[in-house]
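S.K.: One letter stands for each residue in the lines below.
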Amino acid sequence: DTGVSQDPRHKITKRGQNVTFRCDPISEHNRLYWYRQTLGQGPEFLTYFQNEAQLEKSRLLSDRFSAERPKGSFSTLEIQRTEQGDSAMYLCASRYWEQTQYFGPGTRLLVL
Amino acid sequence: DQQVKQNSPSLSVQEGRISILNCDYTNSMFDYFLWYKKYPAEGPTFLISISSIKDKNEDGRFTVFLNKSAKHLSLHIVPSQPGDSAVYFCAASEDDGTSYGKLTFGQGTILTVHP
Numbered sequence: 281d282t283g284v285s286q287d288p289r290h291k292i293t294k295r296g297q298n299v300t301f302r303c304d305p306i307s308e309h310n311r312l313y314w315y316r317q318t319l320g321q322g323p324e325f326l327t328y329f330q331n332e333a334q335l336e337k338s339r340l341l342s343d344r345f346s347a348e349r350p351k352g353s354f355s356t357l358e359i360q361r362t363e364q365g366d367s368a369m370y371l372c373a374s375r376y377w378e379q380t381q382y383f384g385p386g387t388r389l390l391v392l
Numbered sequence: 101d102q103q104v105k106q107n108s109p110s111l112s113v114q115e116g117r118i119s120i121l122n123c124d125y126t127n128s129m130f131d132y133f134l135w136y137k138k139y140p141a142e143g144p145t146f147l148i149s150i151s152s153i154k155d156k157n158e159d160g161r162f163t164v165f166l167n168k169s170a171k172h173l174s175l176h177i178v179p180s181q182p183g184d185s186a187v188y189f190c191a192a193s194e195d196d197g198t199s200y201g202k203l204t205f206g207q208g209t210i211l212t213v214h215p
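As they're listed, the protein sequences go chains A and B. Plus 280 on top of the position in the first sequence (first one is 1) and you've got the working numbering. Plus 100 on top of the position in the second sequence (first one is 1) and you've got the working numbering.
Derived by calculation from the structure, the hints in this document are not laboratory data. Please read these numbers as outputs of a predicted model, since none were measured by experiment. Glycine is no exception: its CB is placed at the ideal position from the N, C-alpha and C atoms. Among these hints, one or two may not hold up.
Restraint-style ranges between C-beta atoms, simulated for each label pair [stated by the list, open to error]:
| # | chain 1 | residue 1 | chain 2 | residue 2 | range |
| --- | --- | --- | --- | --- | --- |
| 1 | B | Arg-117 | A | Glu-332 | 41 to 51 Å |
| 2 | A | Ala-333 | B | Phe-146 | 21 to 31 Å |
| 3 | A | Arg-295 | B | Lys-156 | 20 to 30 Å |
| 4 | A | Leu-319 | B | Thr-212 | 34 to 44 Å |
| 5 | B | Glu-115 | A | Ser-346 | 43 to 53 Å |
| 6 | B | Asp-159 | A | Leu-335 | 43 to 53 Å |
With the hints as constraints, model all of the structure from the sequences given.
M.R.: Structure follows, in C-alpha cells:
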C-alpha cells in the first residue's frame, strides 16, 4: 500500500498564472484534507472532503482557490491568478474512520 | 487566536538522554491529539496520538502524556537518537460532525540530538 502522493513536488510560477495540484489519498480513505504551511509556522487547514463532498472551507481559502474531488478518490487544488503571498507548501492528508491523518510529501509553490 | 501553542522554538539534547517536547491548548472541545515529525521539504510523518479519554499512550521510545485539566500535552522520547533531529508539531482535533476532524497545529519545536 502506498501512502498519500502529491504532484508536482515543486512548482515555480509567475504572478498571475494559474496552478493546479493533485493529491492521491490512501486508497481506502474517504476523508481528505488540504493544508498550507508557510515558513516557521505549523500547517493551517484549508478545506475538507468526505468522499466527493466538500464539507468545510477555511476563511484562508479565498475565491481564487478551488478544490475538487470528483469521484471521491483523488483531489485537485487550483489557485487562479497567483500572488506572491501564495508561496507556501501545500499539504494533503487523508484518513478513514479513525482520527489520525496521514500526510503526503507536499507541493512547494514559489510565485515569482 | 493560537489554539495550540508550542512555546519552545527549539530543544537541544544529548544522544541517549530524554527529550521532552511540550504543547498547550486552549480549546476544551479538542478530543484527539497527535504528534508529527517533519523534515525540511517533506510532509509531516505521524508519530503517536492520544484520545482525550486517556492520559498516557506509549509506542516504543515515544510516550505522550495528556493533562486535560492543565490543557497540556507532552511528548517524551527515550532514549533520544541523532535521527530524531527534526521539527516536531503537536496537533489537535475535534470530530463532532461540524469540525470534521480538521487538525489545528502548533508552531513546531526544532529538536536537535547531538551524538
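S.K.: Does each hint fit the structure? Answer for all of them.
M.R.: Here is what the structure says about each hint:
Judged by the Cβ atoms, the range 41 to 51 Å given for Arg-117 of chain B and Glu-332 of chain A holds: they are separated by roughly 49 Å. Between Ala-333 of chain A and Phe-146 of chain B, the C-beta spacing of about 25 Å keeps the proposed range 21 to 31 Å intact. For Arg-295 of chain A and Lys-156 of chain B, the Cβ-Cβ distance of about 50 Å falls outside the hinted range of 20 to 30 Å, so the restraint is violated. Between Leu-319 of chain A and Thr-212 of chain B the beta carbons are some 18 Å apart, a value that contradicts the proposed interval 34 to 44 Å.
For Glu-115 of chain B and Ser-346 of chain A, the hinted distance range of 43 to 53 Å is satisfied, since their beta carbons lie about 48 Å from each other. Separated by about 31 Å at the C-beta atoms, Asp-159 of chain B and Leu-335 of chain A break the suggested range of 43 to 53 Å.
Going through the hint list in order, the structure does not satisfy hints 3, 4 and 6.
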